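Colleague: The lines below spell out each chain.
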Amino acid sequence: MRSRRRSGTMILALVGVLMGASAASAQALFRSDDVGIYDSTGKRVGPLTNYSEVVLRTRSGHSVFLQVVPERLFGNANLHFPERGCSGRPFLNRPWASGRSSSWVGGPRQTLYVQAGEFGPQRMRSTLTPDGECRNSVVGGPYAPAERLDVDLADYFTPPFALRAIPEEPVPIGPVAERPDRSDRIVLYDATGKKVGAKIRGSLTTNVVLVTASGITFELGGVGPPRREVYFESTDCSGPRFMQHGGPAASIFVPTFLVGPRSSVYRQAEAAEWRTMYSSMTEPSGECRILDQSDPVGYTAWWARYAPIGIDLADYFTPPATFRAGPGLRSLPGVR
Amino acid sequence: MHSFMGQFVPLLALLVLVLLAPAAQAGERGDALVYADHLAVYDGFGTQVGSSWVPSDGFFPGVGFMYVEFRHGSTPVIVRLRTDGFQFDAVRFSQRGCTGDALFDADWYHSAVAAPHGTVYLHAGPLRQRTVKSTLNTRGRCITHEPYRANTVPLMATTVHLADYFVPPFVTRTRGRTPVPRGAP
Chain G
1 MRSRRRSGTM ILALVGVLMG ASAASAQALF RSDDVGIYDS TGKRVGPLTN
51 YSEVVLRTRS GHSVFLQVVP ERLFGNANLH FPERGCSGRP FLNRPWASGR
101 SSSWVGGPRQ TLYVQAGEFG PQRMRSTLTP DGECRNSVVG GPYAPAERLD
151 VDLADYFTPP FALRAIPEEP VPIGPVAERP DRSDRIVLYD ATGKKVGAKI
201 RGSLTTNVVL VTASGITFEL GGVGPPRREV YFESTDCSGP RFMQHGGPAA
251 SIFVPTFLVG PRSSVYRQAE AAEWRTMYSS MTEPSGECRI LDQSDPVGYT
301 AWWARYAPIG IDLADYFTPP ATFRAGPGLR SLPGVR
Chain A
337 MHSFMGQFVP LLALLVLVLL APAAQAGERG DALVYADHLA VYDGFGTQVG
387 SSWVPSDGFF PGVGFMYVEF RHGSTPVIVR LRTDGFQFDA VRFSQRGCTG
437 DALFDADWYH SAVAAPHGTV YLHAGPLRQR TVKSTLNTRG RCITHEPYRA
487 NTVPLMATTV HLADYFVPPF VTRTRGRTPV PRGAP
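Chains as they are written, first to last, in our numbering: chain G, 1 to 336; chain A, 337 to 521.
No lab work stands behind these hints, which were simulated from the structure alone.
Quantities reported herein were computed from a predicted structural model and do not represent experimental measurements.
Cβ atoms here follow ideal geometry from the backbone N, Cα and C, with glycine treated the same way.
All the given hints hold, so there is nothing to weed out.
Computed Cβ-Cβ distance ranges for the label pairs, DEER-style: (1) A/Gly380 with G/Pro142: 17 to 27 Å; (2) A/Asn487 with G/Arg336: 27 to 37 Å; (3) A/Pro504 with G/Arg135: 33 to 43 Å; (4) A/His453 with G/Pro160: 40 to 50 Å.
Coverage of chain A stretches by chain G, computed from C-beta distances (three or more under 8 Å per stretch; other residues unrestricted): (5) 372-382; (6) 393-401; (7) 404-414; (8) 493-501; (9) 508-516.
Whenever a hint applies, use it, and build me the whole structure from the sequences.
Modeller: As structure tokens, then:
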């Protein structure tokens, strides 16, 4: 009886493997509504609240909005002083993002300064950089008094920092219409009514985040078909695919794009390097053209190589995709 | 001998307490990080505006918007706020005198909110070329102008006027209690 049950289990497992093999995707896919910034020890820093912003609080009740790049955390304002040589009471300028209180992080221990009053017109004569360098220059504008807190971020977090999502629901293969859950906020649905994923909370983007079984977190702006130009070092659109980058600096977001009729997910595989491209392909037509190297703009620039992550969206989703609001979002006042 | 030492035990305990008290107080005075588990916008009366986790933008220091999310049925509604009030949008119309079909300049991330009362409009169709003959500007004034063709999305007016429900100034606040552990986990 036991051996018969074991045989049945093995047959079921084999059927599962064969069914899995019929799809091109090499690994399972998960949705996630829990996207955050993590440090190198795996400790959560906080939820992503904007493109590269996390929010924390202090026990004393200050909200702290921090900018994050892979190498470090920054405040959202500069630290100014009314006297030359960075002496006198410190002040903070207004942050670029609206509705946020100002903060500054700097010095060898990443010490935290927060806004401790209202903004008013002031004249400042020096500025302290996050690296501890004092620069004398006279500037005027609205500034708020700053308070140095007994909080050193170096006591809490260890760079580098990365964006990670916690895998939640597995995404089934094929078309499966799904009903909204009570906690759903803004969710992307494909043409068959299947959920693609939840819009990243609090981030000024309409992208959703998915996670592979191997732990790769990636963003999607849609489910295909791809519409973009990709570049090659070869003259016949063969070999690795490249995309242009602003420079070698890494971002919290590792970019992805979709390739081919099966919308294969490609992700940036290494830091951008100074390279020359010789051909390009227009997606989705697949038309290849040799680049004109006499172009004054040139095709020698910062380029990053992209590699497939083993997920073909065609196995999972049917385009086009649209956003729907779920019951987890507040209704407009006066509307039931 | 034993009783002689016993006499000193309470005295030693008291001494230890006196010596440790300032250190304990300093630990309590020192600040610490906690995780924020809620970030939302509140109006001048302390009413929460929209759902939590509010994104914000800004091109210059202090110039930008907070984006609050609502829903109208299953349609997402994203409204822009400044600290001092609602951010109104220019709403275009297909006919003179701000009549006919209401139109929006592009398929923006946010919904259209018209002056002067914050009337919310929903996106109601795809982006394509349409003729625009008048505009309700961000000050609530209707301007009839020369017709022009532009890429627009059609809008559907709701009966919601945000000014009936929310009063500036708008501020973001966080809540949270879970301490961030120091050091590596």
